[in-house]
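Chains as they are written, first to last, in our numbering: chain A, 1 to 449; chain B, 1001 to 1449.
Fair warning: there could be bad hints in the mix.
[Stated by the list, open to error] Derived list of chain A stretches under chain B, where covered just means 3 residues or more per stretch with a C-beta under 8 Å from a C-beta of chain B:
no., stretch
1, 202–211
2, 274–282
3, 386–395
4, 403–417
[Stated by the list, open to error] Distance condition first, Cα-Cα at most 27 Å in a straight line; then the derived DSS-like pairs of lysine-lysine:
no., chain 1, residue 1, chain 2, residue 2
5, B, K1318, B, K1340
6, B, K1310, A, K403
7, A, K310, B, K1202
8, B, K1252, A, K318
9, A, K202, A, K310
10, B, K1340, A, K287
11, B, K1333, A, K268
12, B, K1047, B, K1252
[Said to hold, decoys possible] Derived list of chain B stretches under chain A, where covered just means 3 residues or more per stretch with a C-beta under 8 Å from a C-beta of chain A:
no., stretch
13, 1047–1060
14, 1266–1275
15, 1281–1294
16, 1381–1395
17, 1431–1441
Hint data in this document are derived by calculation from the structure and do not stem from the laboratory.
These figures come from a predicted structure and were not determined experimentally.
Ideal Cβ positions, reconstructed from N, Cα and C, are used throughout, including at glycine.
Each chain is listed here by its residues.
Number of protein chains: 2
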Amino acid sequence: MKELYQYIEENQEQYITWLQDLCKIPSVAAQNRGMTEVANKVLDDLKQQTQADVQLVETDGFPVVFGEVKGTSDRTLSFYNHYDVQPEDPIELWDEPPFASHIVDGKLIARGSADNKGNLVARIAAVHAYQQVYGELPVNVKFIVEGEEEIGSPNLEGFADENAELIQADGCIWEFGYKNADGRQQVSLGVKGMAYVELSCKGANTDLHSANAAVVENPAWRLVWALQSLKDASNRVQIPGFYEDVLAPTAKDDQLIADLIYSEEETKEQLAIDRFVNDVTGDELKKQLIFSPTANICGIESGYTGEGAKTVLPSEAKVKLDFRLVPNQDPYKIVEQLRKYLDDHGYEDIEITPMGLEYPARTDPDDPLAQSVVSATKDVMEMEPTVMPMSPGTGPMYELCQKLGIPAVSVGVGNFASNNHAPNENINIDDFVDGIKVIAKVIEDFAER
Amino acid sequence: MKELYQYIEENQEQYITWLQDLCKIPSVAAQNRGMTEVANKVLDDLKQQTQADVQLVETDGFPVVFGEVKGTSDRTLSFYNHYDVQPEDPIELWDEPPFASHIVDGKLIARGSADNKGNLVARIAAVHAYQQVYGELPVNVKFIVEGEEEIGSPNLEGFADENAELIQADGCIWEFGYKNADGRQQVSLGVKGMAYVELSCKGANTDLHSANAAVVENPAWRLVWALQSLKDASNRVQIPGFYEDVLAPTAKDDQLIADLIYSEEETKEQLAIDRFVNDVTGDELKKQLIFSPTANICGIESGYTGEGAKTVLPSEAKVKLDFRLVPNQDPYKIVEQLRKYLDDHGYEDIEITPMGLEYPARTDPDDPLAQSVVSATKDVMEMEPTVMPMSPGTGPMYELCQKLGIPAVSVGVGNFASNNHAPNENINIDDFVDGIKVIAKVIEDFAER
């Protein structure tokens, strides 16, 4: 591989230019900006740079760019990425124009550099470099590049269902991946699921003068009463059956947890908090972060919330809740349990509107792809990566991978300070080059597992 | 009095013109529109139309117009009114321009017609008519006309404290008063007090990705937990000591309650509700409305409340609460009890910001002024008024009246459909003329009690 690594280093300017060009397109899905241009550009890049057979797969939203490069074996490795980016607001907080692709002090500063164009281009470049140095790939490679990740991937499940054969693979490299503050690469092996719901409670058909509060029921109080017993102060969800499908961490998980680094004091200082929930520290803290399902109030609103005092008896109260789920919890079952819980407590009138249901997804740490990624990372970076048994975040991994029996592993070119979704999104050029090498090494290694 | 009533009827066009002219000034205190013009106009009207000794009493906000007309006895009757009005928004819902003072089908439609210029002009007109027919008044009359009622009377307490002698009286006619749907005049003998507070609970110093909910505390949950036990579903406030100063309704109150009409079915239909709190009906319902203190959520807000889903762990949660208080509850003591309640339940970190503390105020149904108003109303309208022992609403009555030992009674020219604070605010011209007669009769009657 020395030859391949050397080729990547010698050709890094070219690969950086590919990434800069892609980052210059403001492909904001939420605002439908540059979406046709970027999809065509990704299609062309795949064709030109990797000789892939490419197609635009239409969906009810923005299309999926699909590309396939045949290899010399039956094994198939897929890459899931997305060509859309978050809006650049608040633009005044950027030090460089968000779509200028400026490189400053060894960092490429651009919206999409970390999330997710840097990873996409690193994977394209890895295939390109491998082809230049060795000719044919030892595995088939499939690129699945969607355009709606930043708006919740509303059409990805449908795409996966309709194209199960097209996207079938022996393993999938998931879209994201970061270096920790200690410089070690993080490899993660899954995502939490989610049940995102809005609860709405209605009172009188109009806001009333609050003098009526003595006789007319207040929906904000009803919502508070309904919510308060959903979860206790130890973060334990009180919905009957909520935990019944939860798989306990294995001995292997405990070992991965022990190897993880979580900067407790720095995090507390940075967030100005003096404790973590349940006063946990050390391994317990990491375990709680990764393996606990949650019930979180994302937002609550009722009545008058402006400046000063207004005496109003509100006609409606709403709350948005997200439940983060762990294997093998089922988001649809959780919504049913929530409905039953509310009914059983006299809140039949509170409406539940599901706004995003995703299954949790995990890959076994002993899976060949996980082994390949860990091994490739060690080889390139000359240090052990940290392995997260599951990310505390959520993504459509289950629909695209585990549902079809495909293991998925996250590794990528971002870092702990990449500012995804925030001003001055950036990646280190060195990490980008390392990331290309890691994928090139995985291509070689995975063929043999 | 027949001669006086006849004079008022014959000169009603003039009095209506006075009111129309005043309603043409858009005196919106919240927007500082027309405030100097209206204060000078009220000052001039009082001087020209009642020969009052007048003065503008400066405050830290808009001035109080004060006028005094000497009578032939030592007894003094005061009138409390305000020259400011609510904003006219939403203007597109008005059938007539809000400051054009158009008369349509026997109604004067104008912002301020009911709240509160109609009552002010009726009182000026009553004094004028009395003087034209009989010469000198049998009582001293004082006009206290403030300009900040619609923004919470922030300077009225200071005005009352500094001018206690100036405003001293044997009785005060309060600013508002309405006819019920059944056509009977409502006379009310007090107002509830209020403790309006905002509670604020803080978590991390910034909103976080909700993946952190497993380990970082959510201030919205803490606020929900703190709120939930403040009040139970029967509307009973759980703060220790909250009810300890509450005076039970007297036998006389029970009798007034029994005489009151409350249109239960119409109210339920109009508001699209199927029950009242605690499923009360009849006298229990009326008693609960008038004599129960309340704890009401006016508004609650935390995190993301826009369209769709956003996965956020909020950094702050706020709620606005109004406690309506009955004699002899003390709003300052209630805030202290709330503080202790939160502290005792582990919520020392939740901040309380008081936003309006007002004492409850009542006048004895057997007080001479109450007797005078009831008697005058019967005389003019030829039917019994309904007497509310206390309005479920709130106003600065205590500071201006009971604190100085002055009884206060509400009677006025509005009606149940006057749309105070809403589009198409209006009064019936007939009610306006009756209202002038009632005040003229009170002037005569009160001199002899």
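A quick look at each hint next to the structure:
| no. | hint | verdict |
| --- | --- | --- |
| 1 | 202–211 | holds (count 8) |
| 2 | 274–282 | holds (count 4) |
| 3 | 386–395 | holds (count 4) |
| 4 | 403–417 | violated (count 0) |
| 5 | B:K1318 / B:K1340 | 19 Å, holds |
| 6 | B:K1310 / A:K403 | 25 Å, holds |
| 7 | A:K310 / B:K1202 | 22 Å, holds |
| 8 | B:K1252 / A:K318 | 43 Å, violated |
| 9 | A:K202 / A:K310 | 20 Å, holds |
| 10 | B:K1340 / A:K287 | 37 Å, violated |
| 11 | B:K1333 / A:K268 | 37 Å, violated |
| 12 | B:K1047 / B:K1252 | 41 Å, violated |
| 13 | 1047–1060 | violated (count 0) |
| 14 | 1266–1275 | holds (count 4) |
| 15 | 1281–1294 | holds (count 6) |
| 16 | 1381–1395 | holds (count 4) |
| 17 | 1431–1441 | violated (count 0) |
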